[in-house]
Amino acid sequence: MTPEAKHLEVVLDTHVESVNLAEEMCLRVAEAVGFNEDECYRIGMSVREGVINAFHYGNQEKPEKKIHLVVDLTQDKMIIHVMDEGKGFRLQDVPDPLAEENLLSTSGRGIFLMRTFMDEFDVVSGRTGGAEIIMSKKIPAPGSPSSNGNGGASSAAPQQEA
Amino acid sequence: MAILYATIREVDTITIVDLSGRISLGEGSALLRRTVRDLLDNGHTRILLNLGDVNYIDSSGIGELVSGFTAVRSREGQLKLLNLTKKVHDLLQITKLFTVFEVYSDEGTAVGSFG
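Protein chains in written order, with my numbering: chain A, 32 to 193; chain B, 10 to 124.
Because the hints were derived from the structure by calculation, they are not lab data. Warning: the hint list may mix true and false statements.
To be clear about the criterion: a stretch of chain A counts as covered by chain B if any three or more of its residues have a C-beta under 8 Å from a C-beta of chain B, and this derived list gives those stretches [to be verified]:
1. 66-80
2. 127-135
3. 140-153
Quick list of simulated restraints, FRET-style, between CB atoms [claimed, not checked]:
4. B/Gly121 with A/Leu135: 23 to 29 Å
5. A/Asp124 with B/Ala39: 24 to 30 Å
6. A/Glu40 with B/Asp21: 25 to 31 Å
C-beta: ideal position from N, C-alpha, C; glycine also.
Required output: the full structure, derived from the provided sequences and hints.
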């Protein structure tokens with residue numbers, strides 16, 4: 032962690048409302064660091080899908096388990112981690128929702144949406160014992176098309192006071 | 010987070026469901042599921058979902074649209090979509106569901122398309 036970085040960590044209950052809460056929190060951060068409306072939508076949707084994945088597939092909707100949401104702001108990236116307390120999974124085992132035989136499936140599009148909407152995406156074994164989704168998006172420079180004028184890479188992670 | 014509202018009307022024997030709000034995990038998806046199931050239980054098998062005021066759909070909502078489509082088809086009916094917002098249009102495009110659903114931007118044309 033560099034002196035300029037910012038870190039937010041929240042532990043959420045395994046509950047449907049946690050999906051909305053996580054999305055709203057990350058949307059506020061994304062807006063504050065300067066992402067425009069379209070990029071905020073993509074980030075919000077990705078967080079939502081990550082937490083749905085943890086809620087439903089990871090924690091199997093068991094209320095005694097927790098969902099861990101971490102947001103790191105570096106000088107140039109917003110990095111989001113979503114960890115569950117399930118058994119974990121391997122990306123290569125996730126069916127392709129765009130395959131002809133899966134188009135009428137009623138589930139299985141969350142990973143695809145996160146991969147599509149974020150710049151970087153991966154799933155690893157998490158420190159909470161289950162899966163850890165890691166995804167990031169480059170913070171826009173002020174004046175760039177994906178900026179809302181609020182922040183930008185140069186001002187997203189201000190130097191901490193000594 | 011805004012919830013989903015559904016209003017049902019009939020035009021030329023076609024059941025039109027005007028939806029507004031979010032079709033997402035929780036109440037939104039559940040309402041859509043109940044609405045389609047109730048229509049089928051009451052013999053309505055030609056259904057047009059008007060999504061003109063639906064500003065958000067997540068993967069749960071997409072799953073519910075697909076579930077409704079297959080449920081109606083299994084009763085030898087038809088479920089079609091009307092008036093997609095840009096976000097919903099783009100979402101159906103990237104998930105290739107445009108190849109599954111019949112989508113219309115004009116209600117009269119959509120109603121006339123049912124066989």
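Results for each hint:
1. Only residues whose C-beta sits within less than 8 Å of a C-beta in chain B count toward coverage, and the region 66-80 of chain A has 4 of them, enough to reach three; the restraint holds.
2. Counting residues of the region 127-135 of chain A whose beta-carbon sits less than 8 Å from any beta-carbon of chain B gives 4, enough to reach three: the coverage restraint holds.
3. Counting residues of the region 140-153 of chain A whose beta carbon lies closer than 8 Å to any beta carbon of chain B gives 5, which meets the minimum of three for the stated coverage.
4. At roughly 26 Å, the beta-carbon separation of glycine 121 of chain B and leucine 135 of chain A lies within the given 23 to 29 Å, and the hint holds.
5. Aspartate 124 of chain A and alanine 39 of chain B have their C-beta atoms about 29 Å apart, which keeps the hinted 24 to 30 Å range intact.
6. A beta carbon spacing of about 56 Å between glutamate 40 of chain A and aspartate 21 of chain B contradicts the range 25 to 31 Å that was offered as a hint.
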